[in-house]
Structures are given as C-alpha cells and as structure tokens.
Amino acid sequence: MGISTLDRSKEKLVVVGGGMAGGRVVEEIVARENSRFDVTIIGAEPYTVYNRILLSDVLAGSKSPEGVFLYSTEWFQSRAVRLITGVKVESIHRDRKVVRLAGGEERPYDKLIIATGSLPLVPEIENVNTPGVFVFRTIEDCQLISSYARRCKRAAVIGGGLLGLEAARGLVNHGLEVTVVEVMPYPMAQQLDAESGAMLARKMEALGLRFQFEKASQRVLGTSAVRGLAFKDGTELDTDMVVISCGIRPNVRLAVDAGLRVERGIVCDDRMVTSDPDIFAVGECVEHRGRIYGLVAPLYEQARVLAEHITGVQSPAFYQGSKISTRLKVMGVDLVSIGDGRALDPAKASITKYVEPSRGVYKKLVVREGKLEGAILLGEIDSATLLIAAYEAGTPMPERHADLLFGRAAGDPRVMLEAMPGESRICACHQVSKESLVELLSKGCSLDDLAAKTKAGTGCGGCRPQLEMLSAIYGDADRNPATTRYAKSIPLSKPELMAEIRRLGLKSVSAVMRTLGGGDDPGVKPALASLLRMVWREEYDDERDARFINDRVHANIQNDGTFSVVPRIFGGVTSPAELRRIADVAEKYQARMVKLTGGQRIDLLGIKKRDLPAAWHDLGMPSGHAYTKAFRTCKTCVGTDFCRYGVGDSTALGIAIEKRFQGIEAPHKLKLAASGCSRNCAEATVKDIGAVAVDGGWQVYVGGAAGSRVRAGDLLATVATNEEVLRIIGRFIQYYRMNARYMERSPAFVERIGIERLRSILVDDSEGQAESLDRQIEDEIASYRDPWLEGKSPIEPSQFADELAIATERS
Amino acid sequence: MPNSCASSTVETKAAAVGRSRVALCSLDSLPKGQGRCFAVGRLKVAVFRERDGSVAALDGLCPHLGGPLADGLIGAGVVVCPLHAYRFRLSDGTGVDNGFRAGRYPVVIEDGRVFVQLPPTE
Ligand code: SRM
Ligand SMILES: Cc1cc2nc3c(=O)[nH]c(=O)nc-3n(C[C@H](O)[C@H](O)[C@H](O)COP(=O)(O)OP(=O)(O)OC[C@H]3O[C@@H](n4cnc5c(N)ncnc54)[C@H](O)[C@@H]3O)c2cc1C
Ligand code: SF4
Ligand code: FES
Chain A
1 MGISTLDRSK EKLVVVGGGM AGGRVVEEIV ARENSRFDVT IIGAEPYTVY
51 NRILLSDVLA GSKSPEGVFL YSTEWFQSRA VRLITGVKVE SIHRDRKVVR
101 LAGGEERPYD KLIIATGSLP LVPEIENVNT PGVFVFRTIE DCQLISSYAR
151 RCKRAAVIGG GLLGLEAARG LVNHGLEVTV VEVMPYPMAQ QLDAESGAML
201 ARKMEALGLR FQFEKASQRV LGTSAVRGLA FKDGTELDTD MVVISCGIRP
251 NVRLAVDAGL RVERGIVCDD RMVTSDPDIF AVGECVEHRG RIYGLVAPLY
301 EQARVLAEHI TGVQSPAFYQ GSKISTRLKV MGVDLVSIGD GRALDPAKAS
351 ITKYVEPSRG VYKKLVVREG KLEGAILLGE IDSATLLIAA YEAGTPMPER
401 HADLLFGRAA GDPRVMLEAM PGESRICACH QVSKESLVEL LSKGCSLDDL
451 AAKTKAGTGC GGCRPQLEML SAIYGDADRN PATTRYAKSI PLSKPELMAE
501 IRRLGLKSVS AVMRTLGGGD DPGVKPALAS LLRMVWREEY DDERDARFIN
551 DRVHANIQND GTFSVVPRIF GGVTSPAELR RIADVAEKYQ ARMVKLTGGQ
601 RIDLLGIKKR DLPAAWHDLG MPSGHAYTKA FRTCKTCVGT DFCRYGVGDS
651 TALGIAIEKR FQGIEAPHKL KLAASGCSRN CAEATVKDIG AVAVDGGWQV
701 YVGGAAGSRV RAGDLLATVA TNEEVLRIIG RFIQYYRMNA RYMERSPAFV
751 ERIGIERLRS ILVDDSEGQA ESLDRQIEDE IASYRDPWLE GKSPIEPSQF
801 ADELAIATER S
Chain B
1 MPNSCASSTV ETKAAAVGRS RVALCSLDSL PKGQGRCFAV GRLKVAVFRE
51 RDGSVAALDG LCPHLGGPLA DGLIGAGVVV CPLHAYRFRL SDGTGVDNGF
101 RAGRYPVVIE DGRVFVQLPP TE
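Line by line, the protein sequences give chains A and B. Just so we're aligned, residue 1 is where the first sequence starts under the numbering used here, counting upward by one. Just so we're aligned, residue 1 is where the second sequence starts under the numbering used here, counting upward by one.
If you are wondering where the hints come from, they were derived from the structure by calculation, not from laboratory data. Computed from a prediction, not measured in an experiment: that's the story for all the values here. Warning: the hint list may mix true and false statements.
[As the list claims (entries may be wrong)] Examples of chain A residues lying across from chain B (beta carbon under 10 angstroms, computed):
no., residue
1, 172
2, 173
3, 403
4, 406
5, 553
6, 802
7, 806
[Said to hold, decoys possible] Taking lysine to any residue and the SDA-like style, the derived pairs with C-alpha atoms no more than 20 angstroms apart in a straight line are:
no., chain 1, residue 1, chain 2, residue 2
8, B, 32, A, 795
9, A, 63, B, 51
10, A, 63, B, 85
11, A, 507, B, 31
12, B, 32, A, 526
13, A, 488, B, 42
14, A, 608, B, 42
15, B, 32, A, 515
16, B, 32, A, 542
17, B, 32, A, 488
18, A, 63, B, 84
19, A, 507, B, 42
20, B, 32, A, 519
21, B, 32, A, 793
22, A, 63, B, 65
23, B, 32, A, 797
24, A, 63, B, 63
25, B, 32, A, 548
26, A, 488, B, 31
27, B, 32, A, 799
28, A, 507, B, 51
Don't be surprised by glycine CBs; every beta carbon is placed ideally from N, CA and C.
Kindly generate the complete structure, drawing on both the sequences and the hints.
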C-alpha cells in the first residue's frame, strides 16, 4: 500500500467498493486531477480491481484469475492512491463524515463515492444453503465452483440468462454434464423472442448443454451435499451441484443504513450525486431515472460524468441514461442483442426479419418511428457495429431496412465501417468513438497503443475485429517513428537498423545494445537476435542470453518446465523404421504424451531438459523447429501417386519445399502446405504460403491463416513447374524476412504491403530486387545447420542442465 | 513443478540445513547474461549473472505458476519468466506490474566464487 500518511492540505476522497465502477471512477479522477484529492479506495475482495466480465473465461479455464486484473497495486501506488483490499466498510456516519471499516478503524472523508455494485439474486428455494449450491459473481466464486466441480459429474445452472449460459458453458469445460434450468420457455428471455431463443438453445445444445424450460425450482435435494433439484411441477432433476444465476440486486445496505434515498438502487441525479450532496454513487448499486444497469458500458459513462463533476476540470457532462447492447461470450455462438429486439408492442413497430434455420442464422430489426428500437443478431453478427452505432446515435433508419441486416451482402464491412459517422461507438464497453480511434491511428498508434490509451478492446473483446479493420484502413504506422522502430528502445527503422549494423560491423546483440542503445531490454533481445542472424548468417555471434529459452535448447518449453521434441517429418511422410525409433525414444525418456500434431508430425511432450541431447541423438532425425520463429512445416496431401483426383504431385513438392527451406529463421513462424488439386486437402489456402495444383501447374498463395484469425491467402502467382514454385516461395520468404516487423505474421504483412505490390515486386520484378532476393535465400539455405547438432557439442557446458550441483560447502 | 528442476543433489540437503551461507559455483561457470538453477536441499535457487557483472539470486520457481525463472531472459535489472512473461526485479524480487513477488537471496562473490545467503531454516 505504500502511502500511509494523510496529506492535510488535500480533500479526502473515499471510494467504497473496489469493483469495476470503483476502479474506473478512480482512474477517471486521477487522470483529470492528481493534486486536489487524497484518494482512498476500499474493497471487500482480497485483490486489486479486476475485470468481472472475464470471469466466464476464468470459470471456463481459458484465463487465469491474475489474467483479469485491471490495475496493478503499483498502478495505484504510482498515482498516490491508497488501495485497501480485503476490508469491508461497515457503516457510513454522515454526521461526522467518516466511514467505519470492519475491525473498527474509521476513515474521514470530505467526499464519498459508493460503488458497492450488486449481489447475486437468490430466489426463494428451500434448502438453498445445502453444500454444493453456488452463486457466480467473484473470483472466489469461480474458485469455489471449479474445485467443487472436480468431484461432480452433473451440474445444474438455475437461470438461462446471459450469465447463466456463460457459466454453463464454462462448466462443460470441466467435463460436467450441465443442465440449464429456466422458468421461461427459452433462454435469454430478457433479450430474445421465442424463435431466436429456440435457435440459441439448439446451438448451445450442440456445445453439450441441456435445457429444462418452464421449470421453477422449489427445493434443493440432499442434506450433506446437493443431490438434485425439485421443481414446482413435481418433477425432479438429479444433479451434484447447482449454480444460481438469476440476476442481480443492487447492494444498497450501506446507503440504506446511512439514510440516503434508496428505491431499488441508490437514487442519483444526472451528476451521480445521491440525496447527500457530498456522497456520490456509481455502478450497479445506482438507480438513475428509475433504471438500474447490469453492464459495464453504463457504469463507465457514469464514472466519467462523476469525475467531471467532482474535479470540475472539464465542463461537466450530465448523465442521460445509457442505451445498452450485449454480446454473448460463448466461443462458437455469435449473438448480439441491441436495445430491445423483442418487439413487445408489435402494433406500431416495423419489424424486419431474416431467418435461415439450416445455418442457425436469425436477424431481426425493430424500427419504431423511423428509429432503431432494437435488434437481435444470431449466427451472423457482422452488421452489429453499424447497428449499435445507429441505435446509440438514434440516427434515422434508411428506407430499406433489409440492407442493414446484411453486413457483407450490403457491401464490404470495411466500407460500412468507413461510412460510419465519427461519433459512433466502436468499443461499447469503454465507450470509445470511431473518431478518437481514427485520430490516434492516423498519428501512428498501434492496436496496443490504442488499448493502452483508450482501453478499446480490453473489455469483452467483441470489438477487436472492428479495431483491426480500422487500423488497416486508417492506421499510419509509417508516420510515427516510434512505431516504425524495429526495436522499441532503439530509434531506428528496420532498414536503418540493418544499415547501421552492417556499417558498424555489429555482430552480437550485446554489441548492438552497447553501440546503438536499447538499454539491455530483455524484451527486444530476441528481435535483435533474429535480425542479426539474417544480416550476418554464419558470422553472427549467437549469444544465447539474447534468445528465448526455446532457442537456447531448441525445444519448446511446457507449462511444467519440461520440453517438447518434434522431429522433422518431411511432408508428413514417415517410415516404419522412423516410427520405431520415435517409439523407443518416447519410452526411454518417458515422454508424458506422444501426440500427432496439427502439422502432420509427431510430438514427444514432457522431455527433461537434460535428456534433450540424448533424445535427439537416438532419434537420428533433424529438428522440426516447432519451437521457434522459422520455417516450420509443409503439410501435404497424398497427391497424384495415390489420389484419383490428383493433378499435381503435392507430396513430392511438399517434401522438396520442406527440404529446401527447413529451419530458415524469419520474423515469425512460417507454415506451408501443398495440395494436389483444388479440393485442397492440405489446406494450402490458409497457410502462410500454400501451393495448389491446377491443370498445367501450381497456384501459389500467400498470407493465409487459420489460427486466432482466419484469412484466405491471396494468389501471388500461377506457375508451371516445381522449380518455379520453389523460386517464388524463396523470393517471398526472403522479402518477408527483410521487410516484416518482428512477430508480424504473413497475413498482416501481406495486408500491409498489399498483394498487388508484392506481385509486382516478386513476380514482375518491378523494382529489380528479384535476383538479389533469390541469391540471398540461396546463401541462407547453404548456411543452414541443424540446431540439434548442438546436442553433441553444447556451446556452453551447462546448456542442457536442469540444474547445477552446488560446489563444496563452506559456511 | 515436478520436473523442471528435478533434484539430482539430494545429498546436499543435510549439508544445507542449518547453514545460512552456501557456496554455489565459480563465477566463470555462470554464462554471461543468463541464469542457472541450483538445488539447495529442497529449495530451488535461480542465480543470474547480468552482462554488467552483477549477480543476483531469486527463488527458482516463479511465484505466478511455478515457471523456471532461471530459464528467463534477463536485462535492465529484470528477469522475464519464460512461461507467461511476468517480470521480476533482480534487485528485490518484486514483480513489475503484476503484484507477485519472488523471494530474493543476498549474493556474495569472493575469490571468483558465488555464495548465497539462505534463510537459516532451509
Ligand atoms: C503441437 C501443436 C498442437 C497439436 O497438438 O497439434 C501446437 C502447439 C503449440 N502452438 Fe500451435 N501448435 C500446432 C499447430 C498449430 C496450428 C495448425 C498448423 O500448424 O497446421 C496453428 C494455426 C495456424 C497458425 O500457425 O496460425 C497454430 C497456431 C498457434 C498460434 C497462433 C498463431 C496466430 O496468431 O494465429 C500460437 C501462438 C503464437 O505463435 O504466438 C501457437 C503456439 C503454440 C505453442 C508453441 C504455444 C507455446 O508457445 O508454448 C504450442 C506448444 C505446445 C507445447 O507445449 O509443445 N500456435 N498451431 C501443433 C504443432 C504443429 C507442428 O507440427 O509444428
Ligand atoms: C460472469 C460475469 C460476466 C459478465 N459479463 C458482462 C459482459 O459481457 N458485459 C458487460 O457489460 N457486463 C458484464 N457483466 C456485468 C459487469 O461485470 C458488472 O456490470 C460490473 O462489474 C459492475 O461493476 P460495479 O463496480 O458496479 O460492481 P462490482 O464489480 O460488483 O463491484 C463492487 C465491489 O464492491 C465491493 N463491496 C461491496 N460492498 C462493500 C463494502 N461495504 N465495503 C467494501 N467493498 C464493498 C464488492 O466486494 C465488489 O468488489 C458480467 C458479470 C459477471 C459476474
Ligand atoms: S496447443 Fe495451441 S491451441 Fe492448444 S493450448 Fe497450446 S497454444 Fe492453445
Ligand atoms: S509462471 Fe512465471 S509468469 Fe506464469
């Protein structure tokens, strides 16, 4: 906590509640005014402020609890904010202007902000306190649920709303059979109509969930532990645990006891002031104009308004209430609900609907008096951004409502994004407008910079595709020297840095840092190592301390500190003898798992560092480079030798590609494929580089991806022979090595340079570079050396030691 | 972390008990700019030799999820855990913007040998 003395010259501002609203209001205040207030934030939970939205991911196991913290304790410290965690405020004494903490300590305030959020709503169910019944609101809840789930086979979630579905999906990940129990006849009845609700239920069932609709829970069965649920209609459900997700109720006890005006929530005016002029409130505990909110976007708006009033720094805005949209955060189910798309009063509304049951697509617009009242988008949500913008701005709807339903069909989503008015919100969670993003992008900010400056994309993450698209349209990285830098701490672009390195003859990372700066930053060492390796080839002084552990020991580190070993299997074609050796090695060195990878080869996982050299030796196969930024694999299909459709020998081509380019280091990994016909069984069009056989030759695609992002590659060239394929691939690889930023994968690179320009440089040789690119990649191939040879002659004596024995004792 | 620093030096445990100062190795055996893991009894100690010559010792296991800190990249006074890239200051083990803290052990270099000062209970 650091700071403990009170500065008497400052006004004392106390925030009760360390949740998302409390954290945000502190952030908004200190961003405006850092000297007037002495700020203390007191939260009952034992950690710093975290992103509650992402708890669904924590429950599902895809995020660690630490991964959701929003502000570190250092963040508060460096802003001179006192953060008190794990302590509850017991009461507010307005007469003396103090709050009393659990334990009896009192803290005076001049201004008080209540941000106590809400509590889970637990319906009247008998025996609801039976062990095995949980609510889902906090990190602690996630931990309790996860650890209890380990002994269970079945779980029931009471409540089929947004959170209930997310919780249920998370529990499926724990290997449970999960049933969602809902009183309404379909899920998410707050947002959906019966038809879309039924479609959503089918989609969730496909993910392994079950539903019981129109069931009101009456009693928890079981005494020492949950064993089932009894419903009011007399039926029962067997289950080993129950998670209640029936909504929230504002946490208003402190305010009630202090005599503030409270209805359903703490009543606030448009400045977020309660019935006491020195006490403000913000977040889910607030009632404003008769409404309470259960989403973050409104509370961020409230926090901004509150900060403007309390600091008086900006001419203050007034809170007008929020227009809300929600997105279901379940992988594989796209659902956005905007405003109210149920059309509860269909009489005066104009409703446009598009339903395609076979693909699970449902889209509906409700327009009233020319304006969007609500929309439901299920299965295809590419028009969501535009519709949300129109809904929030209240812009008049065009005549043909159908156009608005089809992002893609009505045109490129890019074009629509370009057409959007500047004030439209892109990031709904953090209320970031298009114009503010465009301004930053045009100054050369990267997506990371945007996140740091505006928080766009850091809430539910739903707007990330739009952010990427905006950055592709408006980004001007080349204008800002800081973002064209190759290494963050060295003020040179990649070509400039390469020129300096050559001119000064700098052959090691430490030499570059000594001479050109860089402050010994461990974050940029691997990037410099990669660059030097390319510039100097064999002459590069490969100081291993500049390399990530994977590149020090030529294997991929695992979550338990052991390593994985992936030998090269050219084109995915192996032999009985090889398989036998692999099996022997797996047994001898006790691989924890032997797995066929997605890259058509075999991974031995869980090998100890000290066993790596011997394992490689026994395998007698070269490194597959599965651990590094380099050429990885060339996936193939069986091609003409076996397949009745094959028009090109993709297996032979794939092996030739892999033999030629194996292990060549690059700014990021390169995964290739060769398919024998347009059926494309090797998935060549979603690889960094792919070759597809066509009558009379090969098509070569670049910039494909099917990882975190899916992108079809662009056709670079169509050529006749295998030699030409190898040449064009080599040229592309070398051009990519010379011009890509470190960690820039091929899709981003191809988009940045543009396929036309690439074609003109690499195929038509418009800039006269082709010959030199060909020569450089040839030299690179000639200088290639299998890194696993280091197993026989380690470059440092302890290179492969798990740990060192300690020398003779002395005390 | 069952495997990463599998203990091959169990016999030193008895010797280490009750000792507070333990000789680890010669300075020369630590490669410049890298860390190495030592087992002192049940304790894992990560010792780092920075390029500027300073030597520091932290817990061998990352306080986040037990990653092998000795395998991390170092520089500018921090080590970056190889598993999830959390950073820890070599000077005192405090996390950089992560709220965790790795234990730190004082180091003495004498006659080209590296000693760590361990808590007497270990
Ligand atoms: C072993 C394998 C999974 C499997 O069991 O099949 C695998 C395992 C890992 N992948 Fe992968 N990827 C594997 C195929 C893929 C594929 C499919 C493919 O190659 O055909 C993809 C999608 C295509 C692509 O590359 O984009 C894939 C996309 C990723 C990504 C996301 C890249 C992106 O931004 O889209 C990462 C993360 C990264 O590179 O930063 C990653 C990273 C990783 C790492 C190295 C994570 C890490 O840093 O430790 C995993 C290592 C696990 C381990 O402990 O050894 N892996 N990974 C596959 C190895 C293929 C091989 O033989 O070399
Ligand atoms: C699993 C889950 C998923 C969600 N998904 C989304 C989503 O996708 N999109 C979206 O917009 N919203 C989502 N939400 C809702 C969103 O998290 C909330 O709107 C938001 O967290 C409310 O913030 P708050 O600060 O008002 O309340 P909280 O975050 O609940 O914070 C209140 C804090 O005050 C503390 N406190 C209470 N009383 C006291 C006291 N007397 N003394 C000290 N401390 C006290 C509490 O311990 C708590 O930490 C989700 C919520 C959950 C649980
Ligand atoms: S192997 Fe790939 S997809 Fe699987 S967990 Fe690791 S990085 Fe993720
Ligand atoms: S284990 Fe070290 S950062 Fe996660």
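Hint check results:
no.: 1; hint: 172; verdict: violated (24 angstroms)
no.: 2; hint: 173; verdict: violated (19 angstroms)
no.: 3; hint: 403; verdict: violated (45 angstroms)
no.: 4; hint: 406; verdict: violated (41 angstroms)
no.: 5; hint: 553; verdict: holds (9 angstroms)
no.: 6; hint: 802; verdict: holds (6 angstroms)
no.: 7; hint: 806; verdict: holds (5 angstroms)
no.: 8; hint: 32(B) x 795(A); verdict: holds (13 angstroms)
no.: 9; hint: 63(A) x 51(B); verdict: violated (35 angstroms)
no.: 10; hint: 63(A) x 85(B); verdict: holds (15 angstroms)
no.: 11; hint: 507(A) x 31(B); verdict: holds (18 angstroms)
no.: 12; hint: 32(B) x 526(A); verdict: holds (16 angstroms)
no.: 13; hint: 488(A) x 42(B); verdict: violated (40 angstroms)
no.: 14; hint: 608(A) x 42(B); verdict: holds (19 angstroms)
no.: 15; hint: 32(B) x 515(A); verdict: holds (18 angstroms)
no.: 16; hint: 32(B) x 542(A); verdict: holds (13 angstroms)
no.: 17; hint: 32(B) x 488(A); verdict: violated (23 angstroms)
no.: 18; hint: 63(A) x 84(B); verdict: holds (12 angstroms)
no.: 19; hint: 507(A) x 42(B); verdict: violated (41 angstroms)
no.: 20; hint: 32(B) x 519(A); verdict: holds (16 angstroms)
no.: 21; hint: 32(B) x 793(A); verdict: holds (19 angstroms)
no.: 22; hint: 63(A) x 65(B); verdict: holds (13 angstroms)
no.: 23; hint: 32(B) x 797(A); verdict: holds (13 angstroms)
no.: 24; hint: 63(A) x 63(B); verdict: holds (17 angstroms)
no.: 25; hint: 32(B) x 548(A); verdict: holds (15 angstroms)
no.: 26; hint: 488(A) x 31(B); verdict: violated (26 angstroms)
no.: 27; hint: 32(B) x 799(A); verdict: holds (12 angstroms)
no.: 28; hint: 507(A) x 51(B); verdict: holds (16 angstroms)
Hints 1, 2, 3, 4, 9, 13, 17, 19, 26 from the list above are not met by this structure, while the remaining hints are.
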